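**Student:** The lines below spell out each chain.
There are 2 protein chains.
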Amino acid sequence: MISVEEARHRILADLHPTPAEIAALANAWGRVTAVPVIARLTQPPADVSAMDGYALRAADGTLGAVLRVIGSAPAGHPFEGSVGPGEAVRLFTGSVVPQGADAILLQEDATAAGPEVQVNEAVIAGRHIRRAGQDFAAGDVVVPAGRRLTARDIGLAAAANHPWVTVHRHPRIAVLATGDEIAMPGEPIPRGGIVSSNSHALAALVRAAGGEPVVLPVAADTRDAVAEVADAVHGMDMLVTTGGASVGDHDLVIEGLKMRGLRLDFWQIAMRPGKPLLFGRLGAVPVLGLPGNPVSAMVCAILFLMPALSRLSGLPAAPPPTVQAIAGAPLRANDHRADHLRSTLSTDSQGRIVATPFTVQDSAMLRRLAYADALILRAPNALALPEGSEVTVIRLDLLGI
Amino acid sequence: MISVEEARHRILADLHPTPAEIAALANAWGRVTAVPVIARLTQPPADVSAMDGYALRAADGTLGAVLRVIGSAPAGHPFEGSVGPGEAVRLFTGSVVPQGADAILLQEDATAAGPEVQVNEAVIAGRHIRRAGQDFAAGDVVVPAGRRLTARDIGLAAAANHPWVTVHRHPRIAVLATGDEIAMPGEPIPRGGIVSSNSHALAALVRAAGGEPVVLPVAADTRDAVAEVADAVHGMDMLVTTGGASVGDHDLVIEGLKMRGLRLDFWQIAMRPGKPLLFGRLGAVPVLGLPGNPVSAMVCAILFLMPALSRLSGLPAAPPPTVQAIAGAPLRANDHRADHLRSTLSTDSQGRIVATPFTVQDSAMLRRLAYADALILRAPNALALPEGSEVTVIRLDLLGI
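Just so you know, the sequences run in chain order A and B. Numbering of the first sequence is given in this note's numbering, commencing with residue 1 and proceeding in unit increments. Numbering of the second sequence is given in this note's numbering, commencing with residue 402 and proceeding in unit increments.
Do not take every clue at face value.
[Claimed, not checked] Here are some of the chain A residues that sit facing chain B, going by a computed Cβ distance under 7 Å:
id, residue
1, R148
2, R152
3, L156
4, V195
[Unchecked claim] Simulated coverage check for chain B against chain A, where a stretch passes if three residues somewhere in it have a Cβ under 8 Å from a Cβ of chain A:
id, region
5, 482–488
6, 764–771
[What the hints assert, rightly or not] Anything over 10 Å on all C-beta distances counts as not near chain B; from chain A, calculated:
id, residue
7, A113
8, T150
9, R172
It should be emphasised that the hints constitute simulated quantities derived from the structure, not laboratory data. Since this is a predicted model, take the numbers as computed values, not measurements. All residues carry an ideal CB built from backbone N, CA and C; glycine is no exception.
The shape of chain A in the complex, shown without the other chains (with noise of 0.2 Å):
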């Protein structure tokens, strides 16, 4: 057995990001940079005014001073003029500053009459003055390679006047579940039978995660209709499969896809739910092999799956992010296997936040699972804990699964 720790990092050693796209900008949110975007232009262009007003030389800014207004200066419309002394020009949030002025009057600090204003407050020079290039410069980069893109980095795109992004290529994951027993929704049940779950959770996931899932029809329970699945995950970034991979005598994954030239990395992982779990490589396309259960398949899928796809999709490889929490009741202490305990969050009295495991762990759970708000981690052998002890928890609510 080897730890989730080591497992991961074998996975995530062996996995390179997808290549590079051109996305529009609009379909880009949520896409992950492949290369920088560069500002092409320089914002703001030239020196404007942050505020509605009049803009003058400071020197003329003078407490009682009345100042002639030459001209107008809308957003847009620059006034092409140069401001003398004496002179004023209107403008407006955004307006550029005309030549000749150092300051602006405010339009509260104002009083407009006719052809002239006055001037009620003394100027500042540079004040309400945005500088050229304030926000970035033309040549800047205004967002990094290997980012996933926030609708304010679309925002800080366009305004650098990028209508579009270079970024990865979806990663394509292919969904396999496996058994005789397995029916699609709605579809006739085979006596005994259950219906399939674990590929539609698993390609909400893969969806989440920012890929593209692509659910494979079930193989039935043999060799051959696995082995025959090899031909449909060509052009794939990752095959994953749920079942079939345990010790028992119908474990078909392995021995299907092997006469397909499978190379398996591992396969037996020191973590409950979840201990089967399979990692190689058929062709080109890497192979992951969750457990069958659901519960166990959702918990490796976050845990060996999510950073995967964001290695995938160009962002950093990292384990999924924890948080610290207070543990709701008393923990028992732990066997050598990593523990995942399905939890609920709430707040306590001081604003922490409370993580209470459901008493029943049973790993075939579905609906405890999707009431789940956090699994708390526990480390191998980690000695049992008094109720109020801190703890280290993912939050499934903030991973969007």
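Based on these hints, arrange chain B on the given structure of chain A.
**Tutor:** Just chain B now, kept in the frame of chain A:
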């Protein structure tokens, strides 16, 4: 002026969830349920084994006993007969426990020898058996209405045998930028003009919050041009405008839309950045007018548009989620306007979240907004706070925007 809370309350009170539509389960991740998902079957459908091993009568499972193996029941292939005294049936995780049997002998506690199996560890009646309906029973609500479907919910709905789910429609949000000075990225920029960033950032925010953005052509700075927009918003769930709503001479959104029957609810909010804000109705379509300044527009979108999108999507109407953090710098006393300080986040030696505001909070600095991790909320008239004080923040990273 009205408060942020009052403004949000008024907006949300005037909005209603979109009607329902049918979505394929495979496309339903992130959608919001309009009706509960009710289990169409019982899971597990019968008592099943939680482990690989043998089904037998508990009375027979004493240490050293040797039982006759009368059959095998792979998952999906139930054993049709009954287990009598001295008999056992081979089974696997998920196999239906045959009639007559009430205990499971684990594979690792058994020695198979031809047609017989020896008990190496006494069994306990009922142990390792998952009871019918342990996860859910037919008729149970497995996913309530008004929930944004997670990957786990998708798995649960699949297991409950739902190929389709009934969800609220994506709110369709028209986004309108106004201004003669505005160019689309990559297009010729008029002299004195700037590249549009607001409509792209807002469209991405709408998408991040589960809406469908419709970016309208930029309206020129005339009342008539703005008025024509009224024809473009039929069937939209909301019109969001940016710019043209301040107190200068060139504030044409209100005047233009009033020509077409805009009923205005309010438009000045005691907040910074982003004081001018407009809310009303254009026929049946709610209209939210955001400031033109890109940082103000985004902060107002976080405070008002995202909650509005939640409400339109069928989710509970609520302010943006906040967390407690430690101020990484002294904070000045605040004036009468609620402030939203763009800040970075870090973690101190005690694991606490530290929020440090940028020293310059200019509302035109889009790059700084993009690099911010959080907004520190400063209430109207809040007192000065020393570094290390507790503050409330909105985490931008967790909003997906």
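**Student:** Work down the list of hints and note, for each, if the structure agrees.
**Tutor:** Evaluation of the provided hints:
{"no.": "1", "hint": "R148", "result": "violated, 9 Å"}
{"no.": "2", "hint": "R152", "result": "holds, 4 Å"}
{"no.": "3", "hint": "L156", "result": "holds, 5 Å"}
{"no.": "4", "hint": "V195", "result": "holds, 5 Å"}
{"no.": "5", "hint": "482–488", "result": "violated (count 0)"}
{"no.": "6", "hint": "764–771", "result": "holds (count 7)"}
{"no.": "7", "hint": "A113", "result": "holds, 16 Å"}
{"no.": "8", "hint": "T150", "result": "violated, 6 Å"}
{"no.": "9", "hint": "R172", "result": "holds, 15 Å"}
Hint compliance for this structure: hints 1, 5 and 8 are not met, and every other hint is.
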